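Enquirer: What follows is each chain in one-letter form.
2 protein chains.
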Amino acid sequence: MQTIINERIAQLRLLLEEYTLGGWIINGTDAHQSEYVAPRWGSRAWISGFTGSAGSVLITATEALLWVDSRYFLQAEEQIAGTEFVLMKIDTPGYPDMNSYIKENITECRWVGIAAETLTISGKATIEAALGKAVELVPIDDLLDTIWTDRPPVPSSKVIQVPDDLAGFSASQKLTMIRAALSQHGADWTIISSLDDIAWLTNLRGDDVPYNPVFYSYALVGREAAWLFTDPGRFSAETAAQLASSFTIKGYEELSAVLNEVIKADDRIYLNPERTSVQVAEAMESNRYVTGRDFTADLKASKNETELEGMRRAHLLDGVALVNFLAKLDTRGGRYTEIEIAGLLAHERERSPEYLGPSFGPISGWAEHGALPHYSATEESNATVRGDGLLVLDTGGHYLSGMTDVTRTILFGEPTEEQQIDYTLVLKGNLALARARFPEGTCGYQLDVLARQFLWQEGRTYHHGTGHGIGFRLNVHEGPQSISPKPLVVPLKKGMVISDEPGLYRAGKHGIRIENVVAVQEDGTGEFGTFLSFEVLTICPFERTLIMKELLSEAEVAMVDAYHRWVSEELKELVDEAALPYLEAATSPL
Amino acid sequence: MQTIINERIAQLRLLLEEYTLGGWIINGTDAHQSEYVAPRWGSRAWISGFTGSAGSVLITATEALLWVDSRYFLQAEEQIAGTEFVLMKIDTPGYPDMNSYIKENITECRWVGIAAETLTISGKATIEAALGKAVELVPIDDLLDTIWTDRPPVPSSKVIQVPDDLAGFSASQKLTMIRAALSQHGADWTIISSLDDIAWLTNLRGDDVPYNPVFYSYALVGREAAWLFTDPGRFSAETAAQLASSFTIKGYEELSAVLNEVIKADDRIYLNPERTSVQVAEAMESNRYVTGRDFTADLKASKNETELEGMRRAHLLDGVALVNFLAKLDTRGGRYTEIEIAGLLAHERERSPEYLGPSFGPISGWAEHGALPHYSATEESNATVRGDGLLVLDTGGHYLSGMTDVTRTILFGEPTEEQQIDYTLVLKGNLALARARFPEGTCGYQLDVLARQFLWQEGRTYHHGTGHGIGFRLNVHEGPQSISPKPLVVPLKKGMVISDEPGLYRAGKHGIRIENVVAVQEDGTGEFGTFLSFEVLTICPFERTLIMKELLSEAEVAMVDAYHRWVSEELKELVDEAALPYLEAATSPL
Numbered sequence: 001m002q003t004i005i006n007e008r009i010a011q012l013r014l015l016l017e018e019y020t021l022g023g024w025i026i027n028g029t030d031a032h033q034s035e036y037v038a039p040r041w042g043s044r045a046w047i048s049g050f051t052g053s054a055g056s057v058l059i060t061a062t063e064a065l066l067w068v069d070s071r072y073f074l075q076a077e078e079q080i081a082g083t084e085f086v087l088m089k090i091d092t093p094g095y096p097d098m099n100s101y102i103k104e105n106i107t108e109c110r111w112v113g114i115a116a117e118t119l120t121i122s123g124k125a126t127i128e129a130a131l132g133k134a135v136e137l138v139p140i141d142d143l144l145d146t147i148w149t150d151r152p153p154v155p156s157s158k159v160i161q162v163p164d165d166l167a168g169f170s171a172s173q174k175l176t177m178i179r180a181a182l183s184q185h186g187a188d189w190t191i192i193s194s195l196d197d198i199a200w201l202t203n204l205r206g207d208d209v210p211y212n213p214v215f216y217s218y219a220l221v222g223r224e225a226a227w228l229f230t231d232p233g234r235f236s237a238e239t240a241a242q243l244a245s246s247f248t249i250k251g252y253e254e255l256s257a258v259l260n261e262v263i264k265a266d267d268r269i270y271l272n273p274e275r276t277s278v279q280v281a282e283a284m285e286s287n288r289y290v291t292g293r294d295f296t297a298d299l300k301a302s303k304n305e306t307e308l309e310g311m312r313r314a315h316l317l318d319g320v321a322l323v324n325f326l327a328k329l330d331t332r333g334g335r336y337t338e339i340e341i342a343g344l345l346a347h348e349r350e351r352s353p354e355y356l357g358p359s360f361g362p363i364s365g366w367a368e369h370g371a372l373p374h375y376s377a378t379e380e381s382n383a384t385v386r387g388d389g390l391l392v393l394d395t396g397g398h399y400l401s402g403m404t405d406v407t408r409t410i411l412f413g414e415p416t417e418e419q420q421i422d423y424t425l426v427l428k429g430n431l432a433l434a435r436a437r438f439p440e441g442t443c444g445y446q447l448d449v450l451a452r453q454f455l456w457q458e459g460r461t462y463h464h465g466t467g468h469g470i471g472f473r474l475n476v477h478e479g480p481q482s483i484s485p486k487p488l489v490v491p492l493k494k495g496m497v498i499s500d501e502p503g504l505y506r507a508g509k510h511g512i513r514i515e516n517v518v519a520v521q522e523d524g525t526g527e528f529g530t531f532l533s534f535e536v537l538t539i540c541p542f543e544r545t546l547i548m549k550e551l552l553s554e555a556e557v558a559m560v561d562a563y564h565r566w567v568s569e570e571l572k573e574l575v576d577e578a579a580l581p582y583l584e585a586a587t588s589p590l
Numbered sequence: 001m002q003t004i005i006n007e008r009i010a011q012l013r014l015l016l017e018e019y020t021l022g023g024w025i026i027n028g029t030d031a032h033q034s035e036y037v038a039p040r041w042g043s044r045a046w047i048s049g050f051t052g053s054a055g056s057v058l059i060t061a062t063e064a065l066l067w068v069d070s071r072y073f074l075q076a077e078e079q080i081a082g083t084e085f086v087l088m089k090i091d092t093p094g095y096p097d098m099n100s101y102i103k104e105n106i107t108e109c110r111w112v113g114i115a116a117e118t119l120t121i122s123g124k125a126t127i128e129a130a131l132g133k134a135v136e137l138v139p140i141d142d143l144l145d146t147i148w149t150d151r152p153p154v155p156s157s158k159v160i161q162v163p164d165d166l167a168g169f170s171a172s173q174k175l176t177m178i179r180a181a182l183s184q185h186g187a188d189w190t191i192i193s194s195l196d197d198i199a200w201l202t203n204l205r206g207d208d209v210p211y212n213p214v215f216y217s218y219a220l221v222g223r224e225a226a227w228l229f230t231d232p233g234r235f236s237a238e239t240a241a242q243l244a245s246s247f248t249i250k251g252y253e254e255l256s257a258v259l260n261e262v263i264k265a266d267d268r269i270y271l272n273p274e275r276t277s278v279q280v281a282e283a284m285e286s287n288r289y290v291t292g293r294d295f296t297a298d299l300k301a302s303k304n305e306t307e308l309e310g311m312r313r314a315h316l317l318d319g320v321a322l323v324n325f326l327a328k329l330d331t332r333g334g335r336y337t338e339i340e341i342a343g344l345l346a347h348e349r350e351r352s353p354e355y356l357g358p359s360f361g362p363i364s365g366w367a368e369h370g371a372l373p374h375y376s377a378t379e380e381s382n383a384t385v386r387g388d389g390l391l392v393l394d395t396g397g398h399y400l401s402g403m404t405d406v407t408r409t410i411l412f413g414e415p416t417e418e419q420q421i422d423y424t425l426v427l428k429g430n431l432a433l434a435r436a437r438f439p440e441g442t443c444g445y446q447l448d449v450l451a452r453q454f455l456w457q458e459g460r461t462y463h464h465g466t467g468h469g470i471g472f473r474l475n476v477h478e479g480p481q482s483i484s485p486k487p488l489v490v491p492l493k494k495g496m497v498i499s500d501e502p503g504l505y506r507a508g509k510h511g512i513r514i515e516n517v518v519a520v521q522e523d524g525t526g527e528f529g530t531f532l533s534f535e536v537l538t539i540c541p542f543e544r545t546l547i548m549k550e551l552l553s554e555a556e557v558a559m560v561d562a563y564h565r566w567v568s569e570e571l572k573e574l575v576d577e578a579a580l581p582y583l584e585a586a587t588s589p590l
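These protein sequences, in sequence, are chains G and X. Each residue of the first sequence is one higher than the one before, starting from 1 at the first, in the numbering used here. Each residue of the second sequence is one higher than the one before, starting from 1 at the first, in the numbering used here.
The set of hints was computed from the structure by calculation and includes no laboratory data. Since the structure is predicted, the reported quantities are computational estimates derived from the model, not experimental observations. Every residue gets a Cβ at the ideal spot worked out from N, C-alpha and C, and that includes glycine. Just to be clear, a hint being listed does not mean it is correct.
As the list claims (entries may be wrong) - Per the computed footprint, the stretches of chain X lying under chain G, defined by three or more beta-carbons under 8 Å from a beta-carbon of chain G, are:
hint: 1; segment: 59-72
hint: 2; segment: 303-310
As the list claims (entries may be wrong) - Pairs of lysine to aspartate or glutamate, DMTMM-like flavour, derived with a Cα cap of 20 Å:
hint: 3; chain 1: X; residue 1: 549; chain 2: G; residue 2: 554
hint: 4; chain 1: G; residue 1: 549; chain 2: X; residue 2: 458
hint: 5; chain 1: X; residue 1: 494; chain 2: G; residue 2: 379
hint: 6; chain 1: G; residue 1: 328; chain 2: G; residue 2: 63
hint: 7; chain 1: G; residue 1: 509; chain 2: X; residue 2: 266
hint: 8; chain 1: G; residue 1: 493; chain 2: G; residue 2: 550
hint: 9; chain 1: X; residue 1: 509; chain 2: G; residue 2: 527
hint: 10; chain 1: G; residue 1: 494; chain 2: X; residue 2: 458
hint: 11; chain 1: G; residue 1: 133; chain 2: X; residue 2: 527
hint: 12; chain 1: G; residue 1: 103; chain 2: G; residue 2: 165
hint: 13; chain 1: X; residue 1: 264; chain 2: X; residue 2: 298
hint: 14; chain 1: G; residue 1: 328; chain 2: G; residue 2: 274
What the hints assert, rightly or not - Label pairs and their in silico Cβ distance ranges:
hint: 15; chain 1: G; residue 1: 494; chain 2: X; residue 2: 527; range: 52 to 60 Å
hint: 16; chain 1: X; residue 1: 527; chain 2: G; residue 2: 158; range: 24 to 32 Å
hint: 17; chain 1: G; residue 1: 554; chain 2: X; residue 2: 535; range: 40 to 48 Å
hint: 18; chain 1: G; residue 1: 306; chain 2: X; residue 2: 527; range: 46 to 54 Å
hint: 19; chain 1: G; residue 1: 387; chain 2: X; residue 2: 527; range: 41 to 49 Å
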């Protein structure tokens, strides 16, 4: 492998020479800034052998450099060992960032290339500002296309329709909303690159990447006409016919030609510069941009009543699977592996005919593995679960009517007092956020402390956000809203669905996370305006054996009891008869 | 007056013609971006007759325009009536903002002037970005100097020293800190324009503007030398002699000449572009800036142990005055005016030999006036305080050893249930913020909701920040920290002093605000890092007759009782004997 990597570097250097470039940047994204990319865009791994989810590569005439953040220092070091690659540690003294490195070191042939399809308009501005006049950034067609002879094609999985009666609005109705927004913003066109936005707009779902049911495509919407750029061969005849009333379908690679043809020099184009590539920008005669989040981002974030009803149903089905799973799990004398346990839960989900598959890779972390918030068990790490300890189980499913994401921390054997206190403090935070009421206009960052306050009071904290937006039969991480210490100015709005997942992680010992999904609902209007609050969607008992009741206020005890009563009511007619004793015990009053 | 205003406009227009300018901007700030400006910089009021604290003027060949925000729509309308001025309502449909107006309307003579001393480096960049290439912004000497023949001079009140044993560090020690920061940031010089920063650095206090004990000046600090630019005649011989060991004193207007002389073309200058004027920038041969908050801003924000000890003493003396005042106030049958009541409290403060004067204009708002958070009683508005109702009394004092800012809501007669509930919810917020514990790195915006949560839960809220930084014998509004929904990324640090002042305002009925001053303290270090919490400095009973005890948790009752116990302990040996019965009753357990 090391030899192959070094050969690829050498081939790329020949191209640098041919194109008179002092360097080539590979940022490892796709043309849509997706969280998960299809193998075609696995260019960082192809050139370097490094398989992490983030990192930047720079190849110059003499150097091959890989910048990664601290999560990946060890993994990157191992994976590039024996190759020409040198590890550059991000945010670490002694290591310049990539732009500074370029500025200081590329002093002869002062042009640095990058694949134009992977560079956003904002990204270009940022790099150019950093480079100043020292070096010119040159976005062009991807040089790797020439040397990566077996590069996978743009994926083209079959695409299915979400029926209008599940989506709430037809694609044609959604186009009307987009056109109203265009008109409101004084724009003639909008280009959408973000794949989940296109899936929402078209009521279509694909299978081009794991977990996220998106399909590689672009959408172009004008006041009168709309195009969808994706392999036409992926539609059934029926879907193609239905779609034809709203969109003209063109091939994925025909975007540039159509942009070039239909957009006039003085047209105004609404686009998100953080999602739109310079390749797209360069295909248009006009650069009269109106910039902002994609219209679809806000429309899709606030779920309509039909979508919410579907989300409720998905959570009900998920609750059945969770309780059937928990009832069978032998936490007193059982012996499992982390992967086995995730499989057992997946198996229960699969019993529902409405289940479509996991919404993300399961996190099943036993004991000290639970203290790694983003742990993913591999065959090598796969720990044996038995005896006393905590298991963090963070999983989710796609269903016909919606999507789930749920974390429960499960006790095996006997708890320690520290585990009980930690769990109860995390639970108090989860409850405090869930019961929050707040005026319209409130942003997630304003509520974040509600979930942390009890931990903080005891000198404990966790280092991840408290909540991420959740898609409807779409991506498990969906913007624009979040609940986090990061001051993202996005007000929470009616219909937004978001996770409530405080945690606590003691390195080498145990992890705790309690995650429910909640939906923003209206909660009264009066002298001080309209207020909002959360409706809890997740239906699954908390781990009562980890709750230290004396740490809960009366109101908190009542809240847990009311939640458990509701869980029991919702599920008791639906779970296996064999699961009823567990359900009853797990949901009886504290 | 209307005629005079129109004459001034006409005179300015003659100058526009002479200087070939299409317009002249007056932003109404001084050369230091002070919150309160000396009369010399009252240029907005001089040209327009509008006396509000914020607004922008644009004079063109044909138009005279005044932009104000919604607080001032009515006042501005009245004050400019009968003049050529046209009111432009900020953030109101139908009214372009000033930059847009200029861009669209100044199409012939496309240069717009502004007094260079009132325009910051950042302000210039912002306006220029908005104007694009349409119109050029021309910062020059203030044209008003020519026509404002009786323009007041730069003030030159006597300056006094804060003794080193009250300041904690001598000016020379503070210079050493600045030089360490210069070195750390790789800069050769720093220019300080912010007046309270200079007062802090030099341990000097003036009386150039009301309430804020600052003196008009600039400071220039290099690796070896330092200058203070202010009227040398304002120092006593002793102060001048002491100062001479650290600073070279030059006249206020000599800054440009010295900058021009000492700063070399490749020197690096650390400055705050939001506080430094383009006049200053243009006086230097180098524009190799290192930008950021003034070093002094962060150093001054975190009070040292001596300053904190002084702040505690100031709050003790203030508590004595408050309790003596409250004991004498007849809230059952008395009859006062709002101004009288503020005077009575001021009188009690004046009994302390260490009292120097008010730290801001008192807010004494009876009944519906209390619902105006920034109400200031005038002879016309001065309401009679008698019968049943609430008085919001927000005042503060400068003392030799520190400064106070305290708000109490005082019940006259009998409360309504609504008043009691409102008060108790505000109190719960005040207590929740005061008892917060949080990890190092936490910013004020993360804590803000703690003070709002109980109001929100009941569908109520308030529309101002929860806390502002407080100076040590300096400005009552001091940056950089705050506690507010606005996401200002400034971590709270040990020694920072900040207000805790949630409120509730029912238009036409009553206002409630409860303000204590708190200081950030260290509160333990463990597995999850170092935690901080607040020490309450304000020593004054809450209004127990407004507390609805059944709305408080046991922990809150205990917290109020503990606070009152402490207030009683601190004050009982110091207040008038006649005040003891009040103190005892006001601080007895709930």
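Enquirer: Could you grab the alpha-carbon distance between residue 549 (chain G) and residue 458 (chain X) and see if it respects the 20 Å cut-off?
Expert: Violated, at about 27 Å.
Enquirer: Count residues of the segment 303-310 of chain X with a Cβ under 8 Å from any Cβ of chain G, then say if the count reaches three.
Expert: violated (count 0)
Enquirer: Holds or violated: 40 to 48 Å for the Cβ distance of residue 554 (chain G) and residue 535 (chain X)?
Expert: With a Cβ separation near 30 Å, residue 554 (chain G) and residue 535 (chain X) fall outside 40 to 48 Å, so the hint is violated.
Enquirer: Is the hinted pair residue 264 (chain X) and residue 298 (chain X) satisfied, with a Cα-Cα distance of at most 20 Å?
Expert: Violated: residue 264 (chain X) and residue 298 (chain X) sit about 27 Å apart, past 20 Å.
Enquirer: Below or equal to 20 Å on CA atoms is what counts here, so check residue 103 (chain G) against residue 165 (chain G).
Expert: Given pair residue 103 (chain G), residue 165 (chain G) is violated - Cα atoms ~55 Å apart, limit 20 Å.
Enquirer: Can the restraint linking residue 549 (chain X) and residue 554 (chain G) be considered satisfied, given a maximum Cα separation of 20 Å?
Expert: Status holds; Cα separation ~17 Å.
Enquirer: Please verify whether residue 494 (chain G) and residue 458 (chain X) have alpha carbons no more than 20 Å apart.
Expert: holds (19 Å)
Enquirer: What's the verdict on residue 133 (chain G) and residue 527 (chain X), does the C-alpha distance respect the 20 Å limit or exceed it?
Expert: Between residue 133 (chain G) and residue 527 (chain X) the Cα gap is close to 47 Å, so the pair fails against 20 Å, i.e. violated.
Enquirer: For the pair we were handed, residue 509 (chain X) and residue 527 (chain G), check the Cα-Cα distance against 20 Å.
Expert: Holds, at about 12 Å.
Enquirer: Hey, residue 328 (chain G) versus residue 63 (chain G), does the alpha-carbon distance stay inside 20 Å?
Expert: It is violated: about 56 Å lies between the C-alpha atoms, which goes past 20 Å.
Enquirer: Quick one, are residue 328 (chain G) and residue 274 (chain G) close enough, alpha carbons at most 20 Å?
Expert: violated (47 Å)
Enquirer: Between residue 494 (chain X) and residue 379 (chain G), is the straight-line Cα distance small enough, at 20 Å or below?
Expert: violated (47 Å)
This entry does not satisfy hints 1, 2, 4, 5, 6, 7, 8, 11, 12, 13, 14, 15, 16, 17 and 19, going by the numbered hints stated previously.
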